[in-house]
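Chains as they are written, first to last, in the working numbering: chain A, 1 to 514; chain B, 1001 to 1276.
Each hint should be verified, as a subset may be incorrect.
Cut-off 25 Å, straight-line C-alpha distance, at most; resulting in silico cross-link-like pairs (BS3-like, lysine-lysine) [claimed, not checked]: (1) K1114(B) to K1028(B); (2) K1055(B) to K389(A); (3) K1247(B) to K1028(B); (4) K1055(B) to K390(A).
For the record, the hints were derived by calculation from the structure and aren't laboratory data.
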Amino acid sequence: MSESKVSAPGFSRAAVEELSRLKGEPDWMLQLRLHAWEIYENTPAPLGRRGDLGTLRTVANFKFQNLNPFTLSTPPHPTDATTEGGIPKGHTAVNRVPTVSPDKSGVLENVLEELPLENERSGLLVQLNSSVVRSELREDLKLQGVILTDLDTAVRERPELVQKYFMTECVPAATSKYTALHAAFWTGGFFMYVPQGVEIEEPILAQVWLNTPLSATFSHTLIIAEPQSSVRFVQEYNSLAAGEDPALLSDVVEVYANREARVEFSNMQDLGQNVWNIANKNAIHQNDGSVTFVIADLGSAVNLETIGAGLQGNGSAAELVGVFFTDHNQRYAIHSLSDHIGLSTNAETMVKGVLTDESRVEFDGMIRIRPKAQQTASFLSAHGLLMSKKARGEFIPGLEIAANEVSASHGATSGQIDEDQLFYLMVRGIQRPEAERIIVQGFFEPVLQRIPLEHLRTRLRRSIVRRMSGGYETEADTWIDAQERWEIEGVDEVAIHLDDSTREGNEDIKLTEY
Amino acid sequence: MTSELVIKNLHANIEGKPILRGVDLTVKQGEIHALMGPNGSGKSTLANVIMGNPKYEVIEGEIWFKGENILEYSPDRRARMRLFLAFQYPMSVPGVSVANFLRRSLEAVREGNKSLEEGENPSGKMSKRKTIPPGEFRKLLQEKMRLLKVDNSFINRSINDGFSGGEKKRAEILQMALLEPEIALMDETDSGLDIDALRIVSESVNALTGPNLGILLITHYQRMLNYITPDYVHVMFNGRVVKSGGKELAFELEEKGYEWLKPAEEENGVSADVRI
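Can you build the whole structure from these sequences, using the hints too?
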């Protein structure tokens, strides 16, 4: 029988202490949490700037105190020897996923069955609410010293790594009020360590599931890739709870790519529209380290997301591919930062999104080139396609350049769908709604082509078609056939035709040998 | 039964400005009509209005196709009745491959003359749709490409994206071959083509002509008519068809230009402008 431990509503110092006690944590972690709690209490919530679309202010007014800070699940057989204080340790992970409400478990298992087969993945992690309930890693990788586990286990077994890397340099606890809250209340969490020279071919899959309204879930991912190692990590956020009651997912992703390490991190967020998502993802690059972030955001009521690349090491490279699709009353505020610090670094950011209904999206993409970052190449493009007159998009690129040997360009546009393109497709017999869907598919194609994992790409294509009202299942199939099997070549990324009249005042800036 | 496109006293405006001022024209399946006339006479507007381009406002008149007045029909429904327009300036649709687009287009056209309401249930979801298996479609497409001598690499590129002028026009003809219209409007298909491309495109059109295809070939040069022999030639001037005749009319136009056809009442054309 599964049980769960639900805290009383409200975040407080006492709740921090209770959580840490229930988990049986060492004192240093309790102190880390309490310190973060102090920062949280003493830091004002960010409010954005005057005249923006107001997403930050909306988050600041969110009633955090109505939420339960944690919902710890216990496995069906809580008799395991390593269980302490009724709370299981993640490495005792059970074979089936327990859920708080038994009638939902079927749903969850069905979803898990849709995962790629075991031989197409190297490992699997599943977090349900505040607890990691499943963790698997291929035996041969374990023998090579790879660690894939929940963060509680890592705190206990590899404290030196957690102390060094957890919310210290990549996403410091004091980054914002919300990261401080995260540091004080993190639960569950994924920990991955890839030793020097180990290259993991098949991806690691990680899933976070929320099924309890009026609760907060903290998801933390810490990936440490030692020199010359490589790993692909695919993470998904989903929720099963329907209804009006809000829930919170606060997630932090920290990626350390040491010398010549390669990390590919993909994240698909498909949370229910009662979930508020506050996300911070960042990477630290050492010399010649490279990190690719593929971020697909489809769900949540509000999505406040910061994605960064800290290009400290010489010759390091970052790529950010972002896809989003908003509808109803969804509000997104996405900030990206390519922070060029080392010599001869390279970054490319490419974001595309479709806005329908009354949704609002603010995108702020910054390229920062520090004084010593000579021979930097950095590019950013962000395009929003507005499918409804009531949708609002603000796409703002920023450049701060303090070095002189730099090649950087950025461009951001948002606009309505082009009527001439629509007429062209309609004259070929295609009804207007489908013609719109085809144009949207084409709009997304250049970013989808950048997603290295076929499984994720296909899922995303299906989700996009499903999100557009009236889409047939067969449309998704036709699209996948055409793009995956027939293969398309040389999609021109900048040639997307947008109505010029709604183009924002951010003209492309090209700086070469500035 | 032979399909007929009948245009009666058609008046149309763009942004309040009258362009068509009473066009009468009939095109039957199996016939080739050339529509000539100087720039600005309303030829392209006519093609757009026949297809239902929402930029133009029909003020008066009727468009009949296969015995139905299609004026209120959406462009896609007109296309599904097997009316076709080869665009003068085909739009590019980046990220959508020619193969993907053509397959969906062919599926749609094969569904036939259905209004949006019939095709979709109230939730906006189509209950069912006949799809063409990829293998069957590929075979059909390759057959048409062989017929028109179109390069295979074509189909994997984005629609008209980065196509040369000649490639765009050939892509239009390929679509025409695939969709098998009963009446095709070809809007300035010869424009922007060098002499070799013009010959190739014209040969492609000739390969498609026959008793099942009626063509309205819009051009302001006679040169395409060296390759494609029209059954009828019409001259448009200031929003009206002012003269119709056999193919010899085209040669006459080539020789004398358009001025001699300028109708007398258009001398004080102001009156026509203020009428609306």
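**Item:** Numbers of unmet hints, in rising order
**Value:** Every hint satisfied by this model.
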